[in-house]
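6 protein chains.
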Amino acid sequence: MAERILCFGELLIRLAAPGRERLLQSPRLEVCIGGAEANVAVSLAGFGHEAAMLSVVADNALGHAAIGELRRHGVDTRLVDVAPGRMGLYFLETGAVQRPSSVLYDRADSAFARAGADRYDWSKALAGASWLHLSGVTPALGVAGAQAALAAATAARASGVRVCFDGNFRAKLWQQWGGDPGSILRELMAQTDLIFADHRDIAVALGGEIFAEPFHASLSQAATRAFDAFPHLQRLVCTQREQRDVDHHVLSAWSFHRDGTRGHAAPRELAGIVDRIGAGDAFAAGFLHGLCSGMDDARSLDFALAAACLKHSIPGDFNPVSVEEVEALLGGGGFHVRR
Amino acid sequence: MAERILCFGELLIRLAAPGRERLLQSPRLEVCIGGAEANVAVSLAGFGHEAAMLSVVADNALGHAAIGELRRHGVDTRLVDVAPGRMGLYFLETGAVQRPSSVLYDRADSAFARAGADRYDWSKALAGASWLHLSGVTPALGVAGAQAALAAATAARASGVRVCFDGNFRAKLWQQWGGDPGSILRELMAQTDLIFADHRDIAVALGGEIFAEPFHASLSQAATRAFDAFPHLQRLVCTQREQRDVDHHVLSAWSFHRDGTRGHAAPRELAGIVDRIGAGDAFAAGFLHGLCSGMDDARSLDFALAAACLKHSIPGDFNPVSVEEVEALLGGGGFHVRR
Amino acid sequence: MAERILCFGELLIRLAAPGRERLLQSPRLEVCIGGAEANVAVSLAGFGHEAAMLSVVADNALGHAAIGELRRHGVDTRLVDVAPGRMGLYFLETGAVQRPSSVLYDRADSAFARAGADRYDWSKALAGASWLHLSGVTPALGVAGAQAALAAATAARASGVRVCFDGNFRAKLWQQWGGDPGSILRELMAQTDLIFADHRDIAVALGGEIFAEPFHASLSQAATRAFDAFPHLQRLVCTQREQRDVDHHVLSAWSFHRDGTRGHAAPRELAGIVDRIGAGDAFAAGFLHGLCSGMDDARSLDFALAAACLKHSIPGDFNPVSVEEVEALLGGGGFHVRR
Amino acid sequence: MAERILCFGELLIRLAAPGRERLLQSPRLEVCIGGAEANVAVSLAGFGHEAAMLSVVADNALGHAAIGELRRHGVDTRLVDVAPGRMGLYFLETGAVQRPSSVLYDRADSAFARAGADRYDWSKALAGASWLHLSGVTPALGVAGAQAALAAATAARASGVRVCFDGNFRAKLWQQWGGDPGSILRELMAQTDLIFADHRDIAVALGGEIFAEPFHASLSQAATRAFDAFPHLQRLVCTQREQRDVDHHVLSAWSFHRDGTRGHAAPRELAGIVDRIGAGDAFAAGFLHGLCSGMDDARSLDFALAAACLKHSIPGDFNPVSVEEVEALLGGGGFHVRR
Amino acid sequence: MAERILCFGELLIRLAAPGRERLLQSPRLEVCIGGAEANVAVSLAGFGHEAAMLSVVADNALGHAAIGELRRHGVDTRLVDVAPGRMGLYFLETGAVQRPSSVLYDRADSAFARAGADRYDWSKALAGASWLHLSGVTPALGVAGAQAALAAATAARASGVRVCFDGNFRAKLWQQWGGDPGSILRELMAQTDLIFADHRDIAVALGGEIFAEPFHASLSQAATRAFDAFPHLQRLVCTQREQRDVDHHVLSAWSFHRDGTRGHAAPRELAGIVDRIGAGDAFAAGFLHGLCSGMDDARSLDFALAAACLKHSIPGDFNPVSVEEVEALLGGGGFHVRR
Amino acid sequence: MAERILCFGELLIRLAAPGRERLLQSPRLEVCIGGAEANVAVSLAGFGHEAAMLSVVADNALGHAAIGELRRHGVDTRLVDVAPGRMGLYFLETGAVQRPSSVLYDRADSAFARAGADRYDWSKALAGASWLHLSGVTPALGVAGAQAALAAATAARASGVRVCFDGNFRAKLWQQWGGDPGSILRELMAQTDLIFADHRDIAVALGGEIFAEPFHASLSQAATRAFDAFPHLQRLVCTQREQRDVDHHVLSAWSFHRDGTRGHAAPRELAGIVDRIGAGDAFAAGFLHGLCSGMDDARSLDFALAAACLKHSIPGDFNPVSVEEVEALLGGGGFHVRR
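Protein chains in written order, with full-length UniProt numbering: chain R, 1 to 339; chain Y, 1 to 339; chain U, 1 to 339; chain P, 1 to 339; chain B, 1 to 339; chain V, 1 to 339.
Hint data in this document are derived by calculation from the structure and do not stem from the laboratory.
Take these hints with a grain of salt, some might be off.
In silico DMTMM-like pairs for lysine to aspartate or glutamate, Cα to Cα no more than 25 Å straight-line [stated by the list, open to error]:
| # | chain 1 | residue 1 | chain 2 | residue 2 |
| --- | --- | --- | --- | --- |
| 1 | V | Lys172 | B | Glu325 |
| 2 | P | Lys172 | V | Glu325 |
| 3 | B | Lys172 | P | Glu327 |
| 4 | U | Lys172 | Y | Glu324 |
| 5 | R | Lys172 | B | Asp81 |
| 6 | R | Lys124 | P | Asp76 |
| 7 | R | Lys172 | R | Glu187 |
| 8 | R | Lys124 | R | Glu187 |
| 9 | V | Lys124 | Y | Glu50 |
| 10 | P | Lys172 | V | Glu324 |
| 11 | P | Lys172 | P | Glu209 |
| 12 | B | Lys124 | U | Glu50 |
| 13 | Y | Lys124 | Y | Asp76 |
| 14 | R | Lys172 | U | Glu327 |
| 15 | B | Lys172 | B | Asp109 |
| 16 | V | Lys124 | V | Glu3 |
| 17 | U | Lys124 | U | Glu50 |
| 18 | Y | Lys172 | R | Glu324 |
| 19 | V | Lys172 | V | Asp109 |
| 20 | V | Lys172 | U | Asp59 |
| 21 | U | Lys172 | U | Glu242 |
| 22 | Y | Lys172 | Y | Asp109 |
| 23 | P | Lys124 | R | Glu50 |
| 24 | P | Lys172 | P | Glu187 |
| 25 | P | Lys124 | R | Asp76 |
| 26 | U | Lys172 | V | Asp81 |
| 27 | P | Lys124 | P | Asp81 |
| 28 | Y | Lys124 | V | Asp76 |
| 29 | Y | Lys172 | P | Asp59 |
Here are some chain B residues pointing at chain P (derived, C-beta under 8 Å) [as the list claims (entries may be wrong)]:
| # | residue |
| --- | --- |
| 30 | Arg20 |
| 31 | Glu21 |
| 32 | Val97 |
Backbone N, C-alpha and C define an ideal beta-carbon position, used for all residues, glycine too.
Sequences are here, hints too, so could you generate the full structure?
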């Protein structure tokens, strides 16, 4: 049942303050590899799929380490190329109690951000894939990124590879180069079969405001507009996150299908959160796994939410959990020590 | 009021992933010494008793380190012998949020597991002791362990040393060598004065199913059957654990006396758990301390539950707390910083 | 709007067990600098004020490190002198669940404790300051400390520098040298414009018992007695802390003004506390910041409580947060990752 | 020029005391993956070859981590299978000054040691390979290992895959199961094209004593006897190590060719050694790289010695260096900081 | 005797692999602050001078941490401004034995590199200073840096502030923007009173080749040409470094005075080097200290060499040693433990 | 052959900067237990003797940890009492290259230093002992320490327990309380059978200067004077240490017997020293082990020097090595990895 999923996006080096320290409070940083699409690839590899990464990294020790780390997690990295330049970095300070976590990006002008559409051999990259996964971060990086993302989606559509897109809207990145997110995202979403996004992402792409109460009513409106606008789109899926404080959230999930059906995964209470970075990617990977494994949407949504919940217990951007572990959580086996 | 308690069982080396990392997520392990009976010995030494360990360890740096660590905590280790072979190990991955902790045992064929009943000089070992403490782990290790455990209990009974037994039923260990837990545990329990076990452990020993609602009704049935079956048995004691999530439990305790009286220690809410491994051993040691210190059963049960609660706040298998600290918790002095 | 605030008190070296370990459970200690008044100085510097420290440290690597650390946080340390002798130390074991944190002081006979009133050039130290901040720790250290604290407050009053005093009553320290806290604190408080203290501190100074229900009624009585007794006193301010367990508190705050008005900052729930040491100092600094920035008392109180809440999320004695971060919490912006 | 080299052997988990501490002096261990043949595979992958590992690991978190780590270093792990059982472990205490390093093996009865010749599909494993690399550790593990090693070498010879064998004689392992190293090693060596061994290894295989002065005269005798006894053998290669103290060695190397030519790589002085474990494997990999890259024997030997020297500067069993780094050392570029 | 020295240059964040690991071999980095001119400032502050830093840092947590760290070491940071942008970073892998250390720069387009000559108020910055210190790194950063460096030197010369210049020639940086190092360095050196450089730096500035045997003959030729070309130049000073291996160097020093006298500080053998980064800056600071303290050139050179030697024993870029410690080394007091 | 040796002295807590950092360069300290006499006790226990410690520690977590650590190493701590007060501390900064290590004592007014002669029950303490070991540190601590040390030696002499004294002269400690080391040490040495001291220690006790060339000629003169002055003294033993740099020493040893014979243990070169603190104590323990094991003086001296050499390779004050390890070094088995 395993399928090949191609994930296209940037690999980032994350440099995090230890524990709950402020950034550089003590002279150490803990390093891991991340990036929205890489996180998805690692999850999918952990779920037993053939996850391949398409990217460009700096041809230096950092870039090579990023490739090695993906490989360690079983991702096919043969499509990750090296180029002169720098790696995108981000510095993380994990919050606690009522102090929010904080991310300081230092990713401008990275080897990936410089790489345009013609840097990639799309037909080679897409060969054998059943899905292409990309996110709203890549087009936000600049003209080169936007063109590459569009080229990727278009090539996939042309090759009969389904396209999955995670909104990940980052206003700051778009502002830095003056890109028009609306038109670009609209064009991208037009190629997609599956979108992970909420009503705000859809509003950016389609214009206007989308708002209704409760939360899922907004989503419902967004889904309706999206299905109207994007002919290939079959599903709009997203999580709903309520934050009691920095370490205690309640997470649920919604899915909307072109056929008008709606799915809901009941709220899970997440207390004592260890690391929430990458939870959205874990969710997307979980849902993709469901689709690729022949689950129905309801079960896929449950699986995705459970996978996302597990992510909150693991330090780092990745969610290295197995299908068995997600299923055990879904099965309600309880929280006893596994011996 | 201090008494000599002989604890007979295996010393284990625990190798744990740091913090809430997955096992080998980063290339480091934190090491401590454990083992159900050793944990009890360390607690009892911390409570001021003369706790002696009877065991066999590998004659290498790991075995010597295990002895040293017990000695550091004030346990009398003169009865711990060394032998060729290996130490039993276990690898621990501490869970969080909704990801359960996980233990990977690598203890087969250890120097202790190989040591049979004739390896020990029971009269020397039991001299001066008022209690022998052992657990269901030792007979589960194989023929040698089962024979040694039975020999220990029988020798104690013969010498007028009271016998305390902690169920600790591990189905996997029994299956590995095809031992019949029922007959062996029945024989062992027949020598005991005090059992820490719930209805499932008693059902294993006595056969049949024991189930009633609520939880303590099951215990009550189990106690009745146990007092009928085991003529020396005076008390059956156990905790009741409700797990809200991996880090948040509610713990209470029950005791049943041959005279028909029942004790209950009211639930304590444990949020933000640091390390729950060894909590059962901390509980057993707390109750034994009560008995050895002349407390009545109700007070012993309260003391035991409070001791077990403190264990949840301390990394490692041991519960290095003092009587004063347990009493302070029982006294309700609050959670202010002690200056 | 930035003002110069002179903080007079001892710098301490804190040596803490890592994570939630017991003291010396593993062979490492984490070091930071603290001291009630230094903590206030660091907070005020972080809020943009000209915070100056007046102190004496040991003329050795520890004392120099203490100065360096204050300087790192932007405190003016030109008034910190060095002298032969030792640094005051304290060892910290951070508790968890139901095990309280514990502080072991090793501060007797420090270079600061030996320094008497004539060690300082008060007019030089107070030049340009709008506030002098000191606490009840200094007079508790011994005759020299008591005289120095009184000299400081008297000199400030004489120079038109307002005096802010944080009770920080430590019975043990007073007992060690047999000082009479009542008379000394009374004399000190008589010079103050602002006191951070609850009814127990006021009762120590003024004699008798103060008790009413609820908590703020006791405070109200204390304020009335204090305003009667201390002619310069304008405000009595304090926090109210309810401890659900070691890691989960509810914190609110109260202020009483000589004009009879009362302020209340609504309770904030603090779950998953990282480090509560220094929260009172963070609160005091927050309130002083409000006063020095032209806020009214209600707003100052809210700011102070929010600052104190943030402290609970940061390891160490200091509260290195910015005005913007406190305002963001007050603004209710939520707990999303700041990107 | 890159070739496919199949490395057959056991993956080990190494657990090392930090720095120069005695084992368990402090409660932490640093973990890496090792194993003589895996070390060779990692080096070869780092040199740009297609290095594949053939092995069996335990089907648990440790085994999966071992596979992941090889994959991280670019080794093809598709031929590494999982099986029930345990991983072989070794504990390392790194010495210093005049205290030798010490290895404590805990590898008995591992999943690999249990795997016999029929566990592997030799034709599939050898497909496309130009070399098979194995060592004297595998046959020393027991009957299963000995049969598997012989089967591997025989299958390779039959398939036209050249066989490279590293002596790695471990008397203790042979004694544990009573195997006859002479006959088994003789049979193995009879299949080899290339042997890394000194005169003691050859004497074990061929019987009798081999000794002459100086060191290389012994090697010369051994080579003569080996070329006589083993018809396919083309080269005997080894290092000569002189140990000034634990941290300071002098390393040179010798090669002997069937055509009677002899090579010598001049001594390199290694002061301030960081980690010498794996240096022999780094040497073997370096020589194999030379052969696979078309170097003559003299250049291969120089390359091998330089690679081995670099290993001494890197913590862990692996030697993750590039061809460029080895060439730079050979080029005598000096020890300036590379910027 | 303390003087005010203004150091103008970039603050860098250094991210180093722990111990002797390869970069990202384990997932941690150790952080410190560096930068050639900042290193000089920290040394001078440690020697009791009024060292002031003139720089621009990114207005984020990294930039603020850099300022804080300088302040901790007693450097006057009031002239360090913040600006939007990023901090210059460098990643360090410390070598060992025969593996050289390696620096990976990620400093392009930093807030400092973008800041041009008009970003600074030269008369304010130079007020009260007796020396301006700058290095060849700043003009190498780009047009803005080159103009700023020239403006600094010119303004200093005009204000009667002596100019000290450390060559630090980095060919790669110049190539990146195509700057002409010769003309720019010539113009800069024309303003200097003191240059730390060897014959290669002088050859870059003045053209042609300079080479003679032994090493100091080259220096002598370079000094002659430099004194001819640069009318204000009084002294050319540099170290001579012989590298036995990565951890073992022999360091001596030479000075040339316009009056034709030459100084030599005898070789010091540095075995077991801890961290050599910043040794050149420690040397420069030591010589400047000598000049500012009224030492003659011979004594200044000895002091500088001893200071540089001490740097090799301290992790990080800075050389936080006192005058007393340097003098003790010069005094030959031996290597006994100081108690 | 094992004998009971009573070691009388202070237990210290050592707080050391990690690696080769300056004290508090990073915010961590590594903790171990030390004290000259405790170091001897730990060594002797490691050599298989019944080593007992006589001391007083603070009745707090630090004091209890010190006891636990001795116990871990097999020292009999039943004679270590607790008392109110503080533990003696020392802060260690380990040097490198040409930067000497540095110790900052913070041991004044410790619970031990306050304990006078009447605090101890000498007959109970000495019962069964064949040797009393004490050092010059205890009398240097103040009047109480001096009286206790004299009482110990006198009681031992009276009980037929031989007295071993290690000079360990610390001028600073004597100066602090104005004690006269000459008269006190003379009185102490008069009770001794064995002294570890060089000519400077003897000169302090006996007055005048002792100096001759070479080093052992001074020792010879000192021995002659000591044998004349101290009727019970049989042996004067000491090491000779030549320091090439901080990490590289050459160590040899000398013994002088009342019968006029002289022993010499040939120099051992110690490069890459890890931790030299406690080497003198390791030496003393080694020699005592020789005497207690029936070795002749020459062999005892060799054993002692080899034990001291091993100490240089182990972090911490203790020398946890076995007789087998010392013998292996003496046997010249080389520096190969022990497998």
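Checked hints:
no.	hint	verdict
1	V/Lys172 <-> B/Glu325	20 Å, holds
2	P/Lys172 <-> V/Glu325	20 Å, holds
3	B/Lys172 <-> P/Glu327	22 Å, holds
4	U/Lys172 <-> Y/Glu324	19 Å, holds
5	R/Lys172 <-> B/Asp81	24 Å, holds
6	R/Lys124 <-> P/Asp76	21 Å, holds
7	R/Lys172 <-> R/Glu187	20 Å, holds
8	R/Lys124 <-> R/Glu187	23 Å, holds
9	V/Lys124 <-> Y/Glu50	22 Å, holds
10	P/Lys172 <-> V/Glu324	19 Å, holds
11	P/Lys172 <-> P/Glu209	20 Å, holds
12	B/Lys124 <-> U/Glu50	22 Å, holds
13	Y/Lys124 <-> Y/Asp76	14 Å, holds
14	R/Lys172 <-> U/Glu327	22 Å, holds
15	B/Lys172 <-> B/Asp109	15 Å, holds
16	V/Lys124 <-> V/Glu3	17 Å, holds
17	U/Lys124 <-> U/Glu50	15 Å, holds
18	Y/Lys172 <-> R/Glu324	19 Å, holds
19	V/Lys172 <-> V/Asp109	15 Å, holds
20	V/Lys172 <-> U/Asp59	16 Å, holds
21	U/Lys172 <-> U/Glu242	24 Å, holds
22	Y/Lys172 <-> Y/Asp109	15 Å, holds
23	P/Lys124 <-> R/Glu50	21 Å, holds
24	P/Lys172 <-> P/Glu187	20 Å, holds
25	P/Lys124 <-> R/Asp76	22 Å, holds
26	U/Lys172 <-> V/Asp81	24 Å, holds
27	P/Lys124 <-> P/Asp81	13 Å, holds
28	Y/Lys124 <-> V/Asp76	21 Å, holds
29	Y/Lys172 <-> P/Asp59	16 Å, holds
30	Arg20	5 Å, holds
31	Glu21	6 Å, holds
32	Val97	4 Å, holds
Violated hints are absent here; each numbered hint is respected by the structure.
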